[in-house]
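Chemist: Top line first, the protein sequences correspond to chains A and B.
So the first sequence is numbered by the numbering used here: it starts at 222 and just counts up by one.
So the second sequence is numbered by the numbering used here: it starts at 222 and just counts up by one.
No wet-lab data here; the hints were simulated from the structure.
Hints are not guaranteed to be accurate.
What the hints assert, rightly or not - Beta-carbon label-pair distances, calculated as ranges: (1) A:Gly407 / B:Arg257: 33 to 39 Å; (2) A:Lys277 / B:Gln272: 41 to 47 Å; (3) A:Arg382 / B:Arg384: 30 to 36 Å; (4) A:Lys303 / B:Asp285: 33 to 39 Å; (5) A:Arg224 / B:Lys277: 41 to 47 Å; (6) B:Asp298 / A:Arg382: 17 to 23 Å; (7) B:Ile316 / A:Arg224: 17 to 23 Å; (8) B:Arg257 / A:Leu406: 35 to 41 Å; (9) B:Arg257 / A:Gly444: 46 to 52 Å; (10) B:Asp285 / A:Ile316: 28 to 34 Å; (11) B:Gly355 / A:Lys277: 29 to 35 Å.
Glycine included, every Cβ here is placed at the ideal spot set by N, Cα and C.
Number of protein chains: 2
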Amino acid sequence: MNRCVVLLSGGIDSATTLATAHKEGFELYALTIDYRQRHRLEIECAKAIAQKYAVKKHLILSVDMRGIGGSALTSTDIDVPKDTIPIPLGAPHPIPVTYVPARNTIFLSLALSWAEALEADTIFMGANVVDYSGYPDCRPEFIHAFEDMANLATKVSVEGRLRFKIRTPLIFMTKVDIIRKGLSLGLDYSMTWSCYDPTPEGKPCLRCDSCAIREKGLKEASGLGL
Amino acid sequence: MNRCVVLLSGGIDSATTLATAHKEGFELYALTIDYRQRHRLEIECAKAIAQKYAVKKHLILSVDMRGIGGSALTSTDIDVPKDTIPIPLGAPHPIPVTYVPARNTIFLSLALSWAEALEADTIFMGANVVDYSGYPDCRPEFIHAFEDMANLATKVSVEGRLRFKIRTPLIFMTKVDIIRKGLSLGLDYSMTWSCYDPTPEGKPCLRCDSCAIREKGLKEASGLGL
Numbered sequence: 222m223n224r225c226v227v228l229l230s231g232g233i234d235s236a237t238t239l240a241t242a243h244k245e246g247f248e249l250y251a252l253t254i255d256y257r258q259r260h261r262l263e264i265e266c267a268k269a270i271a272q273k274y275a276v277k278k279h280l281i282l283s284v285d286m287r288g289i290g291g292s293a294l295t296s297t298d299i300d301v302p303k304d305t306i307p308i309p310l311g312a313p314h315p316i317p318v319t320y321v322p323a324r325n326t327i328f329l330s331l332a333l334s335w336a337e338a339l340e341a342d343t344i345f346m347g348a349n350v351v352d353y354s355g356y357p358d359c360r361p362e363f364i365h366a367f368e369d370m371a372n373l374a375t376k377v378s379v380e381g382r383l384r385f386k387i388r389t390p391l392i393f394m395t396k397v398d399i400i401r402k403g404l405s406l407g408l409d410y411s412m413t414w415s416c417y418d419p420t421p422e423g424k425p426c427l428r429c430d431s432c433a434i435r436e437k438g439l440k441e442a443s444g445l446g447l
Numbered sequence: 222m223n224r225c226v227v228l229l230s231g232g233i234d235s236a237t238t239l240a241t242a243h244k245e246g247f248e249l250y251a252l253t254i255d256y257r258q259r260h261r262l263e264i265e266c267a268k269a270i271a272q273k274y275a276v277k278k279h280l281i282l283s284v285d286m287r288g289i290g291g292s293a294l295t296s297t298d299i300d301v302p303k304d305t306i307p308i309p310l311g312a313p314h315p316i317p318v319t320y321v322p323a324r325n326t327i328f329l330s331l332a333l334s335w336a337e338a339l340e341a342d343t344i345f346m347g348a349n350v351v352d353y354s355g356y357p358d359c360r361p362e363f364i365h366a367f368e369d370m371a372n373l374a375t376k377v378s379v380e381g382r383l384r385f386k387i388r389t390p391l392i393f394m395t396k397v398d399i400i401r402k403g404l405s406l407g408l409d410y411s412m413t414w415s416c417y418d419p420t421p422e423g424k425p426c427l428r429c430d431s432c433a434i435r436e437k438g439l440k441e442a443s444g445l446g447l
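Chain A with its partners taken away, still in its complex shape (with noise of 0.2 Å):
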């Protein structure tokens, strides 16, 4: 059976990507990073989804990334922006301050870690260009990147007992048709997180970019629309 470590925020994308390499066959790690994000409640999202799947050994690292700075998700300095007005497919768009300064390298980076100790030579992540973000490390340029350096990095690479792979099988994908194939995998979402910016009481905000898309992305799936 080969190995994999899935990179498992609690989000939709995440609990989607674990629900594909599941299906896949794949032995699974799934590898959870606090981060001190704001919205760590994710993380218990997370463990509630690693379970589900029954996965072989969930490891939740703690990188205090507060210390680094530089982004809304990291530090309360910043405010998490409300209310945006959705920038229609294919515009210029601005990278939002929900950035966070190299993180899946970072995020990656620990994946690649945790798979070399493991001889797992598939690493899964969530990554996804199409609705949102215009984060730079969602790009395919950026995961073929990291994926040819991680074969310049690694002892079983350098070896040539393993070519590592960074899978981001829904990379091109619309919200909407990566809840639809959850839902084919009989993935519950109501088990996912996706607010930035979590209520004093523990409630999504309903009103960042994150709520706003997972809101429409659901109510579409449902034949909702909007």
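Mind docking chain B on chain A? Use the hints.
Modeler: Below, chain B alone, put in the same frame as chain A:
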């Protein structure tokens, strides 16, 4: 004044790299990673060295790599080799068990994140391929691949505001030449730490590879040879 992030472990190579960046007139941001290494004593040395060079900020970031394992430096199940016979330069060199899976990829990723938040375009690292290692993530081809990836991964590079450079000024130097360079820059190597496996009393073991290479380098640099 140009800003840079310097990865500072507290060992000979990273201290010399910091001294080099200081000599070049950079505004210095030192980054030390507490990855639960056996030799966390090096962090105390890093603090003293950072203070000596009056760095603008010294950030110590925790990443618990014991959860990942796969190395003698992060797992108590794997012993640090002692009294190994040195392999001549150019001879086949198996990668030692002190290799930590993807460690330098993780360290550079964290440095990249901080560099982006600081808008610092240069990252210094004391990677070296000559005296020792065989570590895949110290080789120039890895460093180049990381640099290419970094410039696809980040907001500031995609927006064209910065192009990141990963500088490894010691990469082709022997340990004795590194030490001579540091001495010429006024570095006091008694402030540095090398041992991978300190005694319970906090002294160097004097038997691991890192101790052996340190002693050989310091003796040669002082004209005592071996």
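Chemist: Now, for every hint given, state plainly whether the structure supports it.
Modeler: Results for each hint:
Under the hint 33 to 39 Å, the C-beta atoms of Gly407 (chain A) and Arg257 (chain B), about 38 Å apart, fit the expected range. Here the CB-CB span from Lys277 (chain A) to Gln272 (chain B) is close to 45 Å, well matched to the stated 41 to 47 Å. Restraint check, Arg382 (chain A) to Arg384 (chain B): a C-beta distance of roughly 34 Å satisfies the suggested window 30 to 36 Å. At about 34 Å, the beta-carbon gap between Lys303 (chain A) and Asp285 (chain B) stays in the expected band of 33 to 39 Å.
In this structure the supplied range 41 to 47 Å holds for Arg224 (chain A) paired with Lys277 (chain B), their Cβ-Cβ distance being about 43 Å. Distance hint check for Asp298 (chain B) and Arg382 (chain A): the Cβ-Cβ separation is about 21 Å, which falls inside the suggested range of 17 to 23 Å. Separation of Ile316 (chain B) from Arg224 (chain A) is about 21 Å and conforms to the stated range, judged on CB atoms against 17 to 23 Å. A hinted range of 35 to 41 Å holds for the C-beta pair Arg257 (chain B) and Leu406 (chain A), which are about 37 Å apart.
Against the hinted window of 46 to 52 Å, the Cβ-Cβ separation of Arg257 (chain B) and Gly444 (chain A) comes to about 50 Å, which satisfies the hint. The beta-carbon spacing between Asp285 (chain B) and Ile316 (chain A), approximately 30 Å, falls within the hinted interval of 28 to 34 Å. Taking 29 to 35 Å as the suggested C-beta distance range, the pair Gly355 (chain B) and Lys277 (chain A) conforms, at roughly 31 Å.
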